[in-house]
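Asker: If you read the sequences in order, they're chains A and B. Okay, so the first sequence: first residue is 1107 according to our numbering, each after it adds one. Okay, so the second sequence: first residue is 27 according to our numbering, each after it adds one.
Hint data in this document are derived by calculation from the structure and do not stem from the laboratory. Errors might be hidden in some of the hints.
[To be verified] DSBU-like, lysine-lysine: derived pairs with alpha carbons at most 35 Å apart: (1) K1125(A) <-> K1142(A); (2) K29(B) <-> K1128(A); (3) K1115(A) <-> K1147(A); (4) K1150(A) <-> K29(B); (5) K1207(A) <-> K64(B); (6) K1142(A) <-> K1158(A); (7) K64(B) <-> K29(B); (8) K42(B) <-> K1158(A); (9) K1147(A) <-> K1125(A); (10) K1125(A) <-> K1207(A); (11) K29(B) <-> K1173(A); (12) K1177(A) <-> K29(B).
Predicted model only: the values in this text are computed from it and were never measured.
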Amino acid sequence: DTAVSQTPKYLVTQMGNDKSIKCEQNLGHDTMYWYKQDSKKFLKIMFSYNNKELIINETVPNRFSPKSPDKAHLNLHINSLELGDSAVYFCASSPRGGNEKLFFGSGTQLSVL
Amino acid sequence: AQKVTQAQTEISVVEKEDVTLDCVYETRDTTYYLFWYKQPPSGELVFLIRRNSFDEQNEISGRYSWNFQKSTSSFNFTITASQVVDSAVYFCALSAPNFGNEKLTFGTGTRLTIIP
Chain A
1107 DTAVSQTPKY
1117 LVTQMGNDKS
1127 IKCEQNLGHD
1137 TMYWYKQDSK
1147 KFLKIMFSYN
1157 NKELIINETV
1167 PNRFSPKSPD
1177 KAHLNLHINS
1187 LELGDSAVYF
1197 CASSPRGGNE
1207 KLFFGSGTQL
1217 SVL
Chain B
27 AQKVTQAQTE
37 ISVVEKEDVT
47 LDCVYETRDT
57 TYYLFWYKQP
67 PSGELVFLIR
77 RNSFDEQNEI
87 SGRYSWNFQK
97 STSSFNFTIT
107 ASQVVDSAVY
117 FCALSAPNFG
127 NEKLTFGTGT
137 RLTIIP
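Take these sequences, add in the hints, and give me the full structure.
Answerer: Written out as structure tokens, the structure is:
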């Protein structure tokens, strides 16, 4: 069983479209995250949720809207996609918070054409 | 503000050589946590180690060892007798307690290539 699974693995879309990435963890963790890795491999946190509550919103454009229907799921919806949104998006979870080991999903490679 | 610097962008060594990846951090917190993650060519992020700021003992795990020195704000990672499977991007990261708002700050990564 995959601990943190995210879908899709690849997402190719046109500028201006809306897309969603889904993430699920079966570890019973309280905290989930979205990280963005750009083309230079730089990893930066976007959002964190603790038990369905938004904790961190790291100055991300409001075209990005995370949603956590329950503590095992954290989805990322992106409106009006732009070329600069092309990146790898990683979902992660940890038992309680960011001072602990993070368990990462396998990433979603988003390409905006 | 927290900052992690990995000055080595890319390193190449011949298989079986030892290699050290440098990590220097900045934080005003007295309690903090340091991490190393590995990202192989397949792209997933693999946890390697977590240390807290009060534990300066060096750690060894098989061919991997970590040297934590608070005096120089460094948390270096050494691979002994490197193997081709060690080829990856390695990230050093830092977090600190923040009333539930903790987040991991990553360095820019070091791409390690092991030449067979």
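Asker: Decide, hint by hint, whether the structure agrees.
Answerer: Status of each hint after checking the structure:
1. Between K1125(A) and K1142(A) the alpha-carbon distance is near 15 Å, which keeps this suggested pair within the 35 Å criterion.
2. Restraint check: the Cα-Cα separation between K29(B) and K1128(A) comes to about 30 Å, which is no more than 35 Å; the hinted pair holds.
3. Straight-line distance between C-alpha atoms of K1115(A) and K1147(A) comes to about 17 Å, which keeps the hinted pair within the 35 Å bound.
4. The straight-line distance between the Cα atoms of K1150(A) and K29(B) is roughly 12 Å, inside the 35 Å bound, and the hint therefore holds.
5. A distance of roughly 13 Å separates the Cα atoms of K1207(A) and K64(B); the hinted pair therefore holds under the 35 Å criterion.
6. Restraint check for K1142(A) and K1158(A): satisfied, since their Cα atoms lie roughly 20 Å apart, inside the 35 Å limit.
7. A hinted pair counts as satisfied when its Cα atoms are at most 35 Å apart, and K64(B) with K29(B) qualifies at roughly 19 Å.
8. With a CA separation close to 47 Å, the supplied pair K42(B) and K1158(A) exceeds the 35 Å bound.
9. For the proposed pair K1147(A) and K1125(A), the alpha carbon gap of about 22 Å is at most 35 Å, so the pair holds.
10. Restraint check: the Cα-Cα separation between K1125(A) and K1207(A) comes to about 29 Å, which is no more than 35 Å; the hinted pair holds.
11. Between K29(B) and K1173(A) the alpha-carbon distance is near 29 Å, which keeps this suggested pair within the 35 Å criterion.
12. Under the criterion of a C-alpha separation no larger than 35 Å, the hint pairing K1177(A) with K29(B) is consistent with the structure, at around 30 Å.
The earlier numbered hint that this structure contradicts is number 8, and it is the only one.
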